[in-house]
Amino acid sequence: MFFKGRAEQSQVLSTDRKEVSVLKAEYQGNEGFLQRDSVEHKGYAEAQSTDRREGKERDGASDLLEAILDRDNLNRAYKRVKRNHGAAGIDGVTVEEALPWLKEHREELLQSIRDGSYMPSPVRRKEIPKPDGGVRKLGIPTVVDRVIQQAIAQKLQSIWEPLFSDSSYGYRPKRSAQQAIQKVKEYVEEGYRYAVSVDLSKYFDTLNHELLMNLLHKQIQDMRVLRLVKKYLKSGVMENGVICKTEEGSPQGGPLSPLLANIYLNEFDWEMYRRGVKLVRYADDIVVFAKSKRAAERLLESGRKYLEGRLKLKMNAEKSKVTSIFAQKNFKFLGFCLGKNGNGIFIRAHRKSLAKAKKTLKLLTKRNRGRNVCRVMQEVKIFIRGWIGYFRVADMKRTLMSWDEWMRRRFRMYIWKQW
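As numbered in full-length UniProt numbering, residues 1 to 419 make up the sequence shown, in order.
Do not rely on the hints blindly, as some may be mistaken.
[To be verified] List time: in silico BS3-like cross-link candidates among lysine-lysine, alpha-carbon distance up to 27 Å:
{"hint": "1", "residue 1": "K126", "residue 2": "K293"}
{"hint": "2", "residue 1": "K155", "residue 2": "K79"}
{"hint": "3", "residue 1": "K137", "residue 2": "K82"}
{"hint": "4", "residue 1": "K245", "residue 2": "K314"}
{"hint": "5", "residue 1": "K417", "residue 2": "K362"}
{"hint": "6", "residue 1": "K130", "residue 2": "K417"}
{"hint": "7", "residue 1": "K137", "residue 2": "K103"}
{"hint": "8", "residue 1": "K174", "residue 2": "K278"}
{"hint": "9", "residue 1": "K234", "residue 2": "K202"}
{"hint": "10", "residue 1": "K397", "residue 2": "K356"}
{"hint": "11", "residue 1": "K329", "residue 2": "K359"}
{"hint": "12", "residue 1": "K319", "residue 2": "K340"}
{"hint": "13", "residue 1": "K202", "residue 2": "K381"}
{"hint": "14", "residue 1": "K79", "residue 2": "K137"}
{"hint": "15", "residue 1": "K293", "residue 2": "K137"}
{"hint": "16", "residue 1": "K185", "residue 2": "K312"}
{"hint": "17", "residue 1": "K359", "residue 2": "K381"}
{"hint": "18", "residue 1": "K362", "residue 2": "K293"}
{"hint": "19", "residue 1": "K218", "residue 2": "K305"}
{"hint": "20", "residue 1": "K340", "residue 2": "K291"}
By construction, these hints were calculated from the structure, which means they are not laboratory data. These numbers come from a predicted model, not from an experiment.
Whenever a hint applies, use it, and build me the whole structure from the sequences.
Have a look at this one:
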């Protein structure tokens with residue numbers, strides 16, 4: 001591994017007292033932002049207090065950065081980046097190609113991070129089409145920056161995990177989309193038959209840096225880590241050969257972005273809990289529940305005021321709406337929807353998810369592909385196995401029986417075409 005070698009330098013460069021004071025003033029300028037009042041949720045307050053006590057031992061003013069730069073943590077970060085097989089950043093260097101450079105420049109890299117001279121590269125803009133139209137803009141960091149971001153995320157995750165709400169399921173260890181839709185089913189069984197589907201416009205690209213840094217500063221005392229995170233937020237985006245400044249947002253594509261997005265919306269999760277509101281959130285996919293249409297409409301408006309007023313986000317007015325849980329055309333969450341019959345409420349794959357899967361299967365078994373039938377069958381097998389793995393909590397017996405018959409016909413036609 002490239003972070004193998006002599007032990008980390010224990011001597012940390014001292015930070016100028018005046019600079020620290022300036023930075024603290026900067027991050028604490030909005031000290032009143034989202035301060036909890038005396039009736040705040042007890043569990044949140046206790047978790048926050050517990051985490052602060054633990055933080056004095058593990059993430060104090062001078063040792064969080066050293067924990068991030070620990071050899072084992074960096075090696076684990078590199079393995080994770082390599083396992084994800086991500087694309088190259090603006091330098092065009094792949095994970096494999098970056099390894100020799102990392103080995104050669106290890107000490108120089110770590111020292112530049114310690115003394116604050118390290119400057120992240122701008123991310124490479126990449127657009128991918130959305131299923132419902134439009135594009136999703138990603139920001140692909142260089143491999144070196146991805147390793148450093150992953151190392152930061154691994155340590156910050158352990159700090160914030162005890163503080164996250166139970167209503168949050170996305171990008172968290174031992175939590176999944178399947179658990180999220182099962183929680184939705186539980187709420188519906190309790191009588192919550194109306195949903196407020198919250199759609200945030202360009203969420204990852206609109207995070208307010210000042211508010212985000214203020215939230216981070218509440219749990220991080222090591223100012224060098226705060227400065228490093230801020231550098232990543234401000235690193236810029238290269239699009240069509242032009243570097244653009246990033247005054248807001250944390251572009252999707254970097255390992256740190258999902259965690260920062262969860263930290264930001266954690267405020268909304270706990271605010272809804274304090275009000276006694278049921279919700280399920282997976283990253284920026286949010287569903288709030290009510291027992292009547294009128295109550296749901298009130299929640300839509302109060303949620304909009306909080307998200308747009310306190311968190312400075314933008315709700316998509318057309319896509320954010322109140323729906324009946326059983327209105328299959330309207331209610332869709334993480335590719336799932338709910339149905340009911342004589343046996344009760346059940347989870348099923350949404351019709352759009354079924355249509356998308358069938359479209360993929362048609363492309364795989366297109367008769368003019370000219371590929372060996374055994375290879376095509378293997379590709380179909382891999383796709384169906386992954387699809388069933390994701391929708392395993394849904395009632396799919398009839399769907400799979402229908403697909404089995406349909407796929408047999410497709411394969412017969414494919415074989416005849418080969419003749």
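Exercise. What are the numbers of the hints the structure violates, in ascending order?
Worked result: Violated hints: 1, 6, 7, 13, 15, 16 and 18; rest satisfied.
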